[in-house]
Amino acid sequence: MRIVGLRIEAFGALKAWAAEDLGAPVVVVRGDNESGKTSLFRFLSALLYGFHPANQEDYPYVPWDGGIVSGEGRFLLADGEEVTVARRLLRQPRGELTRRDRTEDIRNRPVPFAAHVPRPLFEDLYTITLAGLSFPSGRVWDELQDRLLGGTGVSFLRPTRLVVEELEREASRLWRPDRRGKPEDKQLRELFSALRESAAEAARRDAQIRAKVHELEEKRERLEQLKEQRVKGEALLHRANVLNPVRKRLQRIRELEETAGDLQPFADVPEDPLRILRELEDREASLQGQLAELHERRERWAKALSDLGAQYVHVLERESDIAGWLRQAEHLAREMSRLETIKAGLPAKREALAEAAADLLTEPWREDMEDPLARVPRAELRSRLRELAELEERLAEAEAERRAAENRAEGLSQLPRPPWAEVTFLAALTALLVAFSLWSDSTPYLAFAGAVGAYALYRVWNWQRAKAEQRARRQEAESRLVEARRKEEAVRARLAGSRRALQDLFGDLPVAPSRLVGGESLLLDVQAIQAKLEDLRQLRQEEESLSQSLAEAREELYKLAADCGLEVEGDPLALITRLERALEEAREKKESARRAEDKLADLEEEGERLQRELREVQAKASELREVLAELGDDDVNLGASRLKERRMAAEMAEKMHADLMVEFPDLEEIRAQIREMEETGQGWVFDDEEVDRVRVQVTEAQDEIANLREDIARLEKDIEQLKDGPTLDLLRGEMKALEARRRRVWSLHDRLTVLRVLLLEADRRFREEHQPDVLRRAGRYLEVITDGRYDRLVLDEEEGTLRLRRSGFSFTVPADEPVSRGTLDQVYLALRLALVGHLDSAGERLPLFLDEVLVNWDASRRDRGLKLLDEVSRERQVFLFTCHRWLVEELCSRLDAAVVDMPEVG
Amino acid sequence: MGGYSGRRGEAISEHSLVEVPMKPFRFVHIADVHLDTPFLCRENLVRKRLREALRQAFARAVDLVLSERAHALLIAGDLFDNDLLSFTTEGFLLEQMARLREAGVPVFYATGNHDPGRTNYRAAHIPWPDNVHLFRSTSPETVPVRDAEGDIVGYVTGVGHVTARQAENLAQRFPSQQEPGHVALLHAWVRETSADPPDRCAPCSVEDLRGKGYAYWALGHIHSRHTVCIDPLACYPGNLQGRTPREIGVKGGLLVEVTGRSAQATFYPLSTVRWETAALDDLKEVSSSAELHRRVKERLARVTSDDTAEFLLRVVLRGPCPLHRELGQEDNLEALATEIEAEVGALYVEVDADAILRPVEVDDHRDSVSVLGTLLALIDEARSDDELARRLAEEELAAVSEGEVADPVKYIRSLLVDLEEEAVARMVADDGS
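Chains as they are written, first to last, in the working numbering: chain D, 1 to 906; chain F, 1001 to 1433.
Keep in mind that the hints are not guaranteed to be accurate.
For the chain D half of the interface with chain F, some residues (derived, Cβ under 7 Å), not all of them [to be verified]:
1. P120
2. A211
3. K590
4. H749
Hints in this document: simulated from the structure, not taken from any laboratory. A virtual CB, placed ideally from N, CA and C, is assigned to each residue, including glycine.
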C-alpha cells in the first residue's frame, strides 16, 4: 500500500495543506521542528483507523481556533486499486471510503486494508525515532524479549514476566496451598476457628440458661410452699401473742368507760371546781374595790376641765386671724421699711429733674411745668425735628445752587476778543504774495496768496461764530440764577413755618430758641426729662399706696388685740408678738382640758368594764355552786369529789386506747379478727408447748425462705449474665460473613491464578508462532545494515540468549559485550523492522515512518542505512521526516524519493 | 379477658362426618420466619438490630392477626433455626403465642427443614400453649377452625418435616377434600418449571397441588414472595425479614380469605428492616469522586424512595472505572459507605467494589499480533473448551483445595467473567492506550 495524495482541511497545526504525487517508495518530509510532522503522522493514523478519542472535546488535534478536523487521503493498494479515505470529526466522527466510484460509510471504523494491524500497534511500532533506536540498556536478552520479541512487541504493553510475577505475588497474599506466610485466608481461618469456639461456648451457655431456669422454677415453687406454711404458723402465733392480749386490754377499757359514764353535761365544769369557786369570790371583792377608787379619780379630772378661762377662749376663737398676722408680720415689716426709703429718696429726684430742665428752658424749673413737659408728644416732636433738619439741608442746597449760578453768570459776562492782528498779518502777506506773483508771473505764488487770504477770512468768520455762542450761554446762566434765588426764598419760608410748629409743641414752656433746630438733640433731652418725670410720679404713687395700706393694717391689728383682751398701743410688729404669745398660752390651756376629757372617757369605760366583769363573776360562781350541789345532793364539796372520780376513769380508758393504737396501728383489723374468732367460737386458751413448736416451724421456714431467695437471686443474676454473652445466632452470622469473605478470597486468588496460567500459555504460544519469522527477517536486515559483517540472528533456547553469526563463520557470539554499542543498536533496528515486516505480512504493507533516524550516523553507517531503507522501501512505503536540507538532497540522490515540504513555522 | 376455647387435637379423620363451613375463613399466612437465624453481615451491631427486627416482624404478624380479626395464624415451616434457637427467643415466641391464645386465635404450625419435628429436635420440646397446633409428622392431619361463636369456618390440613432432610414428596400425601373451605399447610419446594434448579426439600410439582380440593395451599421454603399457582391458589409469602443482601425488598405475610373453594390473598408488609442493593455498572465516565457520589445518589433515589422502613444497603460497583485505584482501597470504600449511610439514612451501607476494573479497550487488542491478543483469544477459548477448563482446574486453586467446588469446569467458567478486562488492565501500562 502506498499513500499517493493527502489533503488536510484542518488537523492540529495543519490547515489547508495538501500534498500530491506521493506515490514514490520513499517520501521525504521536510520541515522544521514543530512544523507539524507528528500531526501529519497522526492524521495518517486517523485516516486509517479513525479518531481516538472519538469526540471533539477530548481529541487532541482539534484546531485551537475551533475549526473542524477534516481531511482525506488517496491510497494505492497492492493490487493496483486506488482508494480514497475521507474523515471528519463532527459531534460524531464520520468516515467515507471511496473505491471505484463507490463510496462506503465507514464511520469511525478502521479501513479494511489496515485492519490486520491494530491501531495501538501501528502507532507504536510503525514510527521509529532517533531516541527509539537504542539497544535496551540492560543488554540482556530477557529485557530485549520483553521489549520486542518476547510477545508484547510494543512499548505500551507490560512485559509478560512482570505481570506473571505480579499475579503470583497477589495470589499468594490471598491464599497459599502450603502453611507458609500469613495470607489473608489464613488469618480469616484463624478468626473463624476462634468464632467456632465462641459459638460452642454460646451453645453451652444457652444449655446452662435452660438448666438454671429449670432450677429457678423449682426453687420458686418451693418458696411458695414455704411461704404458705409460714403464714399459717404466723397466724397461730399472732392469735396467741397479739390478739389475746389486745382482747384483754379492750375489755378493761370497756369497764372504765362504764365507770366514767356520760361526762358531756359536765364538760364546762373545771378540773378543780372548789378552787375555782373560791377564786371567783375573791375576784368579786377585788372588783368592787376598784370601782370605788375609779369614782374618786373621775371627780379629780372633772375639776381640771372646768379650769379653762374666757380670755383664752377668745384668743382661741381668733386663732386663725392671729396666725394670719404672724404669717404677714415679715411682709408688714418690709412695707414699713420701703415707705421710709421712698420718703427719703424724693428730694434727690426733684433736684435731678430741675437740673435736666435747665438745659432746655430759659427759666428755672417749677412744679407747674411738669404736666406740660410730660405731655409733649415725642412722636410728633421727632417728626417735626426731622422735617426741620430736612428743610435746613434743602436751604443749604438752595444757597449753594444760587451761589453757583451767580458765579457762572459772572464768568460769562465777557465776549471773546477779535483776531485783528492775525488777520492783518495774513492780509499783508496775501497782498505781498499777489504782488510777487504778478511780478514774477508765477502762478504758484498766486495760488499760495489765495490760500493765505482764504485762511484770514476763515479766522474772521470763526470769531464771529464764537461771539454769538457766548452771548447765548450768558443769557441761559442769568435765567438759571433767577430761578435759584426764587427757590431759596421758598425754602426759607417753609423753614420758618416749621420752627413755629415746633415751638407750638411745647406750648407756653420757655424753650430756648437755640434748641429749636433740626437733629436729635432736643428729642433726646425731652425724652430724658420725661423719663425722670415718670419715675417721680411712680414713687409718689407708691408712697401714697404704702401709707394707706399700713394705716389699714394697723387699724385691723388694734381691733384684733382689743378682741383678745390685750392693751392696744405701740408698734404693730410688737403687738403681733404679744398676740403670738397669748395664742401659745391659750393653746396650752386647751391641751390640758382635752387631756382631762380623754381621761374622763377612759375612766368611764374602765368603770363599765369592771361592772361587766363583776356581773360575770357573780353569775359563774352561782352556776358552779348549783352544779356541784346537784352532784353532791346539795353538798358542794361532795359533788366536786364525785365528779373527779368519774373523770379519772374516762381518762384512763382513753390512755389505754391510745397506747393500743400506737402499739397496733392495725388495731381495727385486729378487732375484726378478734370479733371473727369470737363469732366462730375459737378459744382463747393457748398451750405453751404448741406455741413454741409453731414458733420453731415458722423460724425454720423463714430461714429456708431466706436461703431460697438468695438462691433465686443468684440464679437470676447468673441467667442474666449468661444472657449477656453473644448468642449463637450472632456468632453464626459473623461466621457466615467470614465464610463469605473466605470464599471471596478464594475466588480472587483462583481468578488471579487462572489469569497467570493463561498468560504463561499465551506467551508460550506467541513465541512459538512469531519468533522464528522475526529472527529470519532481522538477520536479513542485519546483513544489509552491517554490510555483510553479520548475516544471522539466532536464539539459544537453552540459555535463552540472542546470538549473532558473522558472515563466513560457523560460530555465533552473544548479543552483548564485547560486541560494539553501534552494532547492538543496528541489531535492535533490524529486529524492529523485522517485527513490522512480520506484523503485516498477511495483508497490505503499511507505511513506515522514520523521524531523523539517519541524521547522527557517520557517512559509512549512513550509506549502509540507505541501503537498508532501499531494501525496506521495496516492500513498503517509507516516510522520512527531517529538517536537514543536506539529508534531503542525499536521500533524493540515493533513493527513489519524493519530497514534501511542511508549512513553514510561523 | 378472652382465652382460647378451641379443642386441642381436634383432628378429623378422612372418614369423619364433616361440617360444611358457611362463613369465610380468614387467616394470616407466614413462613420462613427463621427466628435466631444467622444474618450475613460483617457488623455485630447490625446483626443484633436484624435479630430485633425479626422479632418485631413476628410480633407485627401477630398484631395483624389481632387487628384483622383473623380466625387463625398459619406458619408454613422454618419458624426458627433448630439448634440456634436461644432460650430468650423461645420465651419471646411463647409470649407471642400466648397473645394469640388470649385472643382465642389458634396457630397452625407445620415444621420445616430448619425446625423439624422429630423428638430429638427442638420443636417437639417447646412447651407450646394449647392454641398451637403442631404438624410435625409426615402423616397429614386435618383440623377444623372455629370462629368466636364456635362455628366451623374452615379446615387446615398439614404435614411437617420430621427431619432436616425430608426429601420425599409430601404434597402427594395430602388427602383429597370434597368439601369447600380446606386449606393445605406445607413446607416444600414446588418445582414450577422443568428449568428450576433441583432442591431436596420435599420437592413436588404444581400438578401435585391440583385436583385435591384445597382452596388454598399455604406454602413455605422459598424466601421470595410469589404465587405458584392460581387455581388452586398456592402462595409462598416469603420470609419475614431478609437474611442476606440477596433477599432484598419489603417482606411480610399474606392475609388470606377463603370462601368456599376460592381464596384471595393480600400481602401485608411486616418487616421493619429491609435489604436493598444498588448496582452501578456503567462507570466508564466516572473520573471523580464527586461524580461517583452523584451516580450513587441517583441510583439510591430509586431504591430508597418507596417506604420509610429502615434498610441495609449494599452498593455494588462493577465494571471499568477511572477511579479503579481509589476504589481498590478499603479506607476509601469505608469512607464512601459512611457518606452514603449519612445521606440516605441507611442502617448500614456496604460498598462492594470487587468487580471494579481499570477502563481499558479490550477490542483494541483483540486479534492483535501480541501476547495480549493471544491471551484474549485463550480466555475466549477457555469458555468453550472443557479440556482447557479442566486443565486450569488442576492448578493450585483455593476453592478446589478447600473442597468448595463441585463442578470444576463450571467454577473455572465463573472465574472467566470479565477476565479480558482484567487481563488488558494488567498487561497495558497505565499510560498506554
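Okay, which hints does this one fail, numbers in order?
Violated hints: 2, 3; rest satisfied.
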